[in-house]
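Colleague: Sequence:
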Amino acid sequence: MALANIFSGPLRIARADICAVSVASSSRAFSATAIVAESRAKVNARRKRQKVMAGRSAAAAARVAELADPILGSPLAVAGPSSGSAATPAVDLYEGCRLQRTVLKANDIWYAAPPNYAAGGHPPHYLPGLSEADRELLFGALPQVTAELLFDPERLATSEEVVGDQVRQVETLQRITDLRNASKKGIEVVNRARIIKEFGVDEKDTGNTAVQVALLTHQVRTLAEHLQTNNRDKQNRRALRLLIHRRATLLKYFKRTKQDDYDALLADLGLARSAVEGELMVGM
1 MALANIFSGP LRIARADICA VSVASSSRAF SATAIVAESR AKVNARRKRQ
51 KVMAGRSAAA AARVAELADP ILGSPLAVAG PSSGSAATPA VDLYEGCRLQ
101 RTVLKANDIW YAAPPNYAAG GHPPHYLPGL SEADRELLFG ALPQVTAELL
151 FDPERLATSE EVVGDQVRQV ETLQRITDLR NASKKGIEVV NRARIIKEFG
201 VDEKDTGNTA VQVALLTHQV RTLAEHLQTN NRDKQNRRAL RLLIHRRATL
251 LKYFKRTKQD DYDALLADLG LARSAVEGEL MVGM
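Heads up: the sequence shown runs through residues 1 to 284, numbered per our numbering.
Treat the hints with care, as some may be off.
[Claimed, not checked] No more than 27 Å apart at the CA atoms, straight line, and that leaves these computed lysine-lysine pairs for DSS-like: (1) K255 <-> K197; (2) K258 <-> K197; (3) K197 <-> K234; (4) K105 <-> K184; (5) K258 <-> K204; (6) K184 <-> K197; (7) K258 <-> K105; (8) K234 <-> K255; (9) K42 <-> K204; (10) K234 <-> K185; (11) K252 <-> K184; (12) K105 <-> K197; (13) K185 <-> K252; (14) K204 <-> K234; (15) K184 <-> K204; (16) K105 <-> K42; (17) K197 <-> K185.
[What the hints assert, rightly or not] Simulated restraints on C-beta separations: (18) K48 <-> N231: 25 to 35 Å; (19) E225 <-> H245: 17 to 27 Å; (20) G140 <-> T249: 19 to 29 Å; (21) A264 <-> A41: 48 to 58 Å; (22) A264 <-> D92: 49 to 59 Å; (23) K252 <-> V189: 48 to 58 Å; (24) G186 <-> A54: 28 to 38 Å; (25) E203 <-> K258: 16 to 26 Å; (26) R238 <-> N116: 20 to 30 Å.
Quick caveat, the hints were computed from the structure, so don't treat them as lab data.
Ideal Cβ positions, reconstructed from N, Cα and C, are used throughout, including at glycine.
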């Protein structure tokens, strides 16, 4: 019995140690499973966060791609944050548009070569207020009638002098009424008449929404060009903002009433949708 007691004690201790080891190993196995499960949760959360951030980046990139200059109306190529340069027009929608082809530039008029009057040439543009009917009367009908009235078949030399004198008078009138003699303000009067005729039904269709938007767009571009060289002109800076918002209001009305013609009008004026829709931030 004594020997049995002696050997039973250590055996009990060994069995207890074995049980403790098995319990510890099972605890480690359980804790390891918990760590793996927690890691998966973190991975899923990270993936979800990355997906959300990617969606936000894509939306921001889309908004940047749609940015446009509310003044000139063309899309902007926004430079990266590392370049440090300002946004510049990506594509000039105004270049070659219907409005640009209609408007006359003062420098192009002033510095154009004079017509060859000796070869029967005439000015391409005349001073404001001189209609086509007036030009036909002054340069066509009246000289011819005058020459016929003064024509004397018995004095052929004198008659030829009369015809030559009428030709010289026509040339003088054409030189005087040439638009090259006009000021910038006079050229703008001609531009207004040309825009009304181009975008309206007739020369007096000033109430047409398309005509008003075209006139406002031309005024905006003219005023913006003025402010580039006169950046301290606060009064015209405020006037520019008012013109831009007034144009946006008229375009909103035009879109509501003539939705099928809306995009065509924007293309004719060289404007992007994002330049005239939504919140307009004029940075000048």
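Colleague: Falls inside 16 to 26 Å, the C-beta gap from E203 to K258?
Modeller: holds (22 Å)
Colleague: Given the hinted pair K204 and K234, is their alpha-carbon gap at most 27 Å?
Modeller: Not OK: K204 and K234 at ~34 Å, beyond 27 Å, violated.
Colleague: Taking the beta carbons of A264 and D92, is their distance inside 49 to 59 Å?
Modeller: Between A264 and D92, where Cβ atoms are some 19 Å apart, the hint is violated.
Colleague: Is the hinted pair K185 and K252 satisfied, with a Cα-Cα distance of at most 27 Å?
Modeller: violated (30 Å)
Colleague: Hinted pair, alpha-carbon criterion (27 Å max): K258, K197. Please report holds or violated.
Modeller: It holds: about 20 Å lies between the C-alpha atoms, which stays within 27 Å.
Colleague: Straight-line Cα separation of K105 and K197 no greater than 27 Å?
Modeller: Status holds; Cα separation ~17 Å.
Colleague: Need the status of pair K105, K42: alpha-carbon distance at most 27 Å?
Modeller: Distance ~65 Å between K105 and K42 Cα, so the pair is violated.
Colleague: Need the status of pair K234, K255: alpha-carbon distance at most 27 Å?
Modeller: Given pair K234, K255 is violated - Cα atoms ~32 Å apart, limit 27 Å.
Colleague: Given the hinted pair K184 and K197, is their Cα-Cα distance within 27 Å?
Modeller: holds (20 Å)
Colleague: Hinted pair, alpha-carbon criterion (27 Å max): K184, K204. Please report holds or violated.
Modeller: This hinted pair holds, its Cα atoms lying about 23 Å apart.
Colleague: Range hint 20 to 30 Å: satisfied by the CB atoms of R238 and N116?
Modeller: Violated - the Cβ-Cβ distance for R238 and N116, about 47 Å, lies outside 20 to 30 Å.
Colleague: For a C-alpha distance cap of 27 Å, please report whether K42 and K204 respect it.
Modeller: violated (71 Å)
Comparing the model with each earlier hint shows violations of hints 3, 7, 8, 9, 11, 13, 14, 16, 18, 20, 22, 23, 24, 26; every other hint is respected.
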